[in-house]
Amino acid sequence: MTRYIVRRLLGMVLLLILVSAVTFLIFNVFPSADPALLRAGRQPTAESIARIREDLGLDRALPVQFGDYIYNVFVHQDFGRSYINNTNVLDQIRQNLPATISLTIGGVLIWMFFGLSVGIISAVKHRTVFDRATIGLSLVAISAPVYWLGLVALYLFAPDFGVFGLGFLGGQGSYTPFSNDPVKWLQSLVLPWCVLATAFAAVYARLLRGSLLDVLNEDYIRTARAKGLSERRVILRHGVRSAITPVVTILGLDIGILLGGAILTETVFNIPGIGRLAYDAILRGDLPIVQGTVLFGAFFIIIMNLIVDILYAFLDPRVRY
Amino acid sequence: MALLEVRDLTVQFETEDGIVRAVDGVSYSVDSGRSLGIVGESGSGKSVSNLSVLGLTRGTHTRFGGEVIFEGRDLLGMPDEELREVRGEEIAMIFQDPLSSLHPFYRVGDQLVEAVRAHHDVTKRAARDRAVEMLQLVGIPEPRSRVDAYPHEFSGGMRQRAMIAMALINSPKLLIADEPTTALDVTVQAQILELIERLQAETGTAVIMITHDLGVVAEMTHEIGVMYAGRIVERAPTSELFAAPQHPYTWGLLRSIPRLDSPRDEELVPIEGRPPSLITRPSGCAFHPRCPFVREAHTRIDPRLEPVNGKVDHEVACLLSSQTRRDLWQHLAAGEAPDRARAAVPMGDIAE
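Keeping their order, the protein sequence lines are chains A and B.
Here the first sequence is numbered in the working numbering, starting from 1 and rising by one per residue.
Here the second sequence is numbered in the working numbering, starting from 322 and rising by one per residue.
Looking at chain B on its own, in the form it has when it is part of the complex (with noise of 0.2 Å):
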C-alpha cells in the first residue's frame, strides 16, 4: 500500500470573480522511501495540491473533493486538531523562500524547538540538544551558537537548510518539498538538493519535491508527475520520462532547460503563451491554446490520462496518437523548431 495516497484530488476557491479549479481531479502517490517530482508551470496547482494534504488551503471559501489517504487514514476529511497532530510529525513541508518562513522575530533554535514540543512531551533543553543535533546534521557550522542566532543573521542556504532541520527533526514519513531551491543561488541549490538527498537515504523519508524545473527532479526524483492547468498531464518514472516524454507540455518543458550535452549555440526555447485562467478553463484539452501540434478536434475534446502503449507505469493526457507524438519527439529531440516537427510528420485532421 502507498504511503500517501492522493485520487481525484480537487481543490476549488471561491472568489469575487468566480470559481478559481485549482486543482481539477489528481490522483498521485508515492511509496514509503520514495520519491515523487511533481512540475508545472505557477498556477498548474501543484502548491496547491500538496498544501491541501496537509489541509494548509482549508477557509471558508474552499471546497474540497476527492481522497487523501495517508496510511489509510483520510486527510481531507480528518477534523483539524486530529490533522494538526499529523503536520510536522508524519508528514513536513519546506517551502519556497526560507527568509519569508522562517518567523523574524524567534532565535532559529528556538523555532526547532518549538517543532519539537509540539508533538512530544519533552522538555526544552531536550528539545534543544536534538536542535543542535539536526542542525549539525544539515552541515551548518558551530551548530552549538548558530542555535541562537536569528533567521536574518543566517544566509539563504543556511536558512534553507534550517528549515530542512526543522521539517525533518521529528522524522516524518514523509517531507513535501514546495520548490525548495527556487530562492536560492543556482550554487546553493545543488548543496540543497544534494542534502535532501542524503537525508532522504540515511532517514528513508518519503519526498514530494515541486518545482517548475525538470532539471531538479531529474537525478533526485524516482517517479514525475507533470501538471498543467490543475490536472496531471503525464506521469512516468524519471528516466522513461526524459527518455520518452509524450506530451506537448512536457517536451516545452524539456526543451526550455538547458543541457551540457546539446550544442552551445542551441537556443532554449520557452513555452509559447501563458499558463490559462483557471476559473474560465479553455475548451477540450486545456493546453490548446498554446500546443503546437493543435488539431481541430483538440479544442472539444477533453483528453483523459492514459497508459501510454498499455504501460500501467506511463501514462498521458493527449489525443494526439502514440505513433504521431513518437515521430514528433524525434524531430524535437534533434533540435528541430516545432513547426519544422509538425511539418514533417503526418497528423490525422481528427483526434486521433
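Bound conformation, chain A alone (with noise of 0.2 Å):
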C-alpha cells in the first residue's frame, strides 16, 4: 500500500509539470493581451514596456522562463506574482480557497442527502410513479445550465430584487467568510449550495439507483433474504452497501473538480473563490494566476482520485494494492 502512494505521487508531480507546459504553451503560443502592455498604463512607451517586459522576466526563451517557473514552483513553492496587481499568487489563492470549500462542501452535502435517499427509494419503488417521476425530473435537472439555474433562483428568490425575495437569504455578492460571521456566511451561501447540489443530486439520483438496481438482482441479496433479514436491512447493509462504490469514485473526482473552482456558479452568485480569480485571470490575460489555479485544479483532482483509489481498498475487500 505504501509503496502504491509513493508511486502515484510522484506520478502526480510528473502530471503536475505536465499540465502547467500545456497551460504555459497555450497563454504563449495562442495569441493573448500582452502583460507588459496591460500594466504600462495609461500612455505605454516602447521604453517603459521593454522594462516591465523585462522586469517580468518576459524578455527571455520561452523554455527559460517555463523552467524558471516550475523550478521556483516545486523547489520554493513560488507560484510568482500577479502581472495586474503584483499579489503573491499563492496568497492570492489561499485568500479565495475558503469560499471554494464552503461552497462544495455544502453542494456536497445538499446533493449527497437528495442524490442518494431519491436514488435508493427509486430503486426500491422501481417503476412506480415516484420512480418515473423523479428519474423524469431528474433528467430536466441535469439539462438545466446551472448559470441559466444560478439566475433562474436569483431572479425568483434574491431578497433585494426577487420575485419572491427570500429576506432572510444573502443576494448576490453577499459572501462573507465564515470566520468573519457564521450566519451571513449561511445566508449567502444557501441559494449557490441549492443551484449547485440540483444537477449533481440528479445525476447521483440516477447513479445510484442503476447500480442498486443491478446489486439488488444479485444473489447475495437473495441469501440476505432468505436468512430472515428485514427488508430494510438487506437494501441498506447489503445493497446500498455495494451499490454505493461506483458513486464514491464520481463523487472523489466531482469534490476534486469543484475544488479547482466551480467557476459557472461562483461567477454567477459572484462569490470571490478560485474559479472567479481563474475567470478574471484569463480575462486579463493575467497568466501567474491563471498557472496557479489551473495547478491547484489539476492537483486537487489527482489527489481526489487517490482518495478514491485508497478509499476503495476499504470498501471492497476484495481489492488490494
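Just so you know, these hints were derived from the structure itself, not from any lab.
Keep in mind the model is a prediction, meaning the values are calculated, not measured.
Careful: at least some of the hints might be erroneous.
[Stated by the list, open to error] Chain A regions said to be covered by chain B (calculated; three or more residues, Cβ under 8 Å):
| hint | region |
| --- | --- |
| 1 | 217-223 |
| 2 | 238-244 |
| 3 | 306-320 |
Note that the Cβ used here is the ideal one computed from N, Cα and C, for glycine as well.
Work from the hints to combine the two standalone chains into their complex.
In C-alpha cells, the structure reads:
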C-alpha cells in the first residue's frame, strides 16, 4: 500500500509539470493580451514596455521562463506574482480557497442527501409513479445549465430584486467568510449550494438507482432475504453497501473538480472563490494566476483520485494494491 | 401431518412478452426428518416453486395460487414481516453458486453472526461463538481464524460449506438446497452431498434437494418429484423411481446420466429438443414435442397425475398405458435406442 501511494505521488508531480507546460504553451502560442502592455498604464512608451518585460522576465527564451517557473513552484513553492496587481499568487489562492471550499462542502452535503435518498427510493420502488416521476425530473435537472438555473434562482428568490424575495437569504455578491460571520456566511451560500447541488443530485440519484437495481438482482441479496433479514437491512446493509462504490468514485472526482473552482456558480453568485479568480485572470491575461489556479485544480483532481483509489481498498476487501 | 405441504401451487410472472406460467399446479410434501428430491431441467419451475415457499419470488408482477402449508400455517398468504421470521429460522435455503451467494464485502463470520442475530437476541460474542462452532461442524479447518476471512479467500467447496453453516446455524426444521453442487468440482460435489446427508442425520432437518442431476438425489433422498414445464410429471419413492420409472421424460433423464455398471462404450443419450416456452405451453401433454413415443392424441389431451397400478406413492402424468410403459422401459433399460424400443412395442393409436 505505501509503495503504491509513493508511486502515485511521484506520478502526480510529473502530471502537474505536464499540466503547467500545456497551460504555459497555450498562453504563449495563442495570441493573448500582452501583460507588459496591460501593466504599462494609459500612455505606454516602448521603453516602459521593454522595462516591464524585463522586470517580469518576459524577455527571456520560453524554455528558460518555463524552467524557471517549474523550479520555483516545486522547489520554493513560489507560484510567482500577478502581472496585474503584483499580489503573490499563492496568497491570492489561499485567500480565495475558503469560499470555494465552503461552496463545495455545502453543495456536496445537499446533493448527497437528496441524490442518495431519491436514488434508493427509486430503486426500491422501481417502475412506480415515484420512480418514473423522479427519474424524469432528474433529466430536467441535469439538462438545465448551472448559469441559467442560478439566474432563475436569483430572479425568483434574491432578497433585493427577487419575485418572491426571501429576506433571510443573502443576495448576489453577499459572500462573507465563515470566520467573520457564520450566520451571514450561511445566508449567502444557501442559494448557490442549492443551484450547484441540483444537477449533481440528479446525476447521483440516477447513478445510485441504476447501480442499486443491478445489485438487488445479485444472488447475495436473495441470500440476505432467505436469512430472514428485515427488508430495510437487506436494502441498506447489503444492497446500498455494494451499490455505493461507483458513487464514491464519481464523488471523489466531482469534489476534486469543484475545489479547483466552481467557475459558473461562483461567477453567477459573485462568490470570490478559485473559479472566480481563474475567470478574472483569464480575461486579463494574467498568466501567473491562471497557471496557479490550473495547477491547484489539477492537484485537487489528482489527489481526490488517489483518495478514491485508497478508499476503494477499504470499501471492497477484494481490492488490494 | 407433513412438515411442509405444497398444494396445487401456481406461480405466474407478468412480463412484456406475456404471462410466464413458471409453476403450474404443483403439489408435494415433505415430512420431518425426510428428504425430497425435485429434479428437472432449467426452466422446469423447480427453483421457482421452492423460492416461492419462502416468498422470495414476491413482487408486483408475480401472481400466486394454491397453498403452501408449513406446520399448519399458510406461507403463501403470510404477511412479509411474519414470513421473515420463518426464513432462516424455520426454513433455510442454500443456493447454486456459493461465491455470488455470499456478500463479497463482509467477512464470512459476520454473515453467519447476522443470520443468528436476525432471529435471536444474543450478544455478538455469543453469535460469533456459534458461528465458529458451525464452521467447525461443516468441516472448515481452523474455524477460529477462518471466521474472519472474506468469501473470496475461501475455495468453492469451503464457500458452500460456509453457506451450509449459515443455513443451519438456527437449526431450521427444513433445508431447501437449490442445486447446491452444480457450481462445484466433481470431487467437491461428493463431499458437499455427504456433508448435507450427515448433518441431516445428526440434526433431523428435513431436506428438499433441487437438482437437474438424478445422480445427485439417487442416494440421499427418500422421494423424488420430476418436474417438467412447471408441473410434476412423476413422483415416486427414490428406489421405485430408479427401478420402475414411468414417464418418458424420466427415462430421458435416467439415460443421460453416466452409470458405472453399463458398458464403457455405451453412449449417453441426451433428451432431444429444448424445454418448452412457459408463455405458450405446448397443447396436450407438454412433453409431446420431445417425446419419442408420442401419439397423435397426446397433442390434444393434457394428462393428469395419476397413481401407477393403484400405488398411492407412485404417480405419473402420461397418456401411455402402464403396460406399454413397462415394455418400453424394458427395452430402453437394456440399452436400446428409443426408436428401436418404439418399433418393438405395439402401441395403440389413441390415448390409452
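Now for the hints, and whether the structure bears them out:
| no. | hint | result |
| --- | --- | --- |
| 1 | 217-223 | holds (count 5) |
| 2 | 238-244 | holds (count 3) |
| 3 | 306-320 | holds (count 4) |
Hint violations for this structure: none, all hints satisfied.
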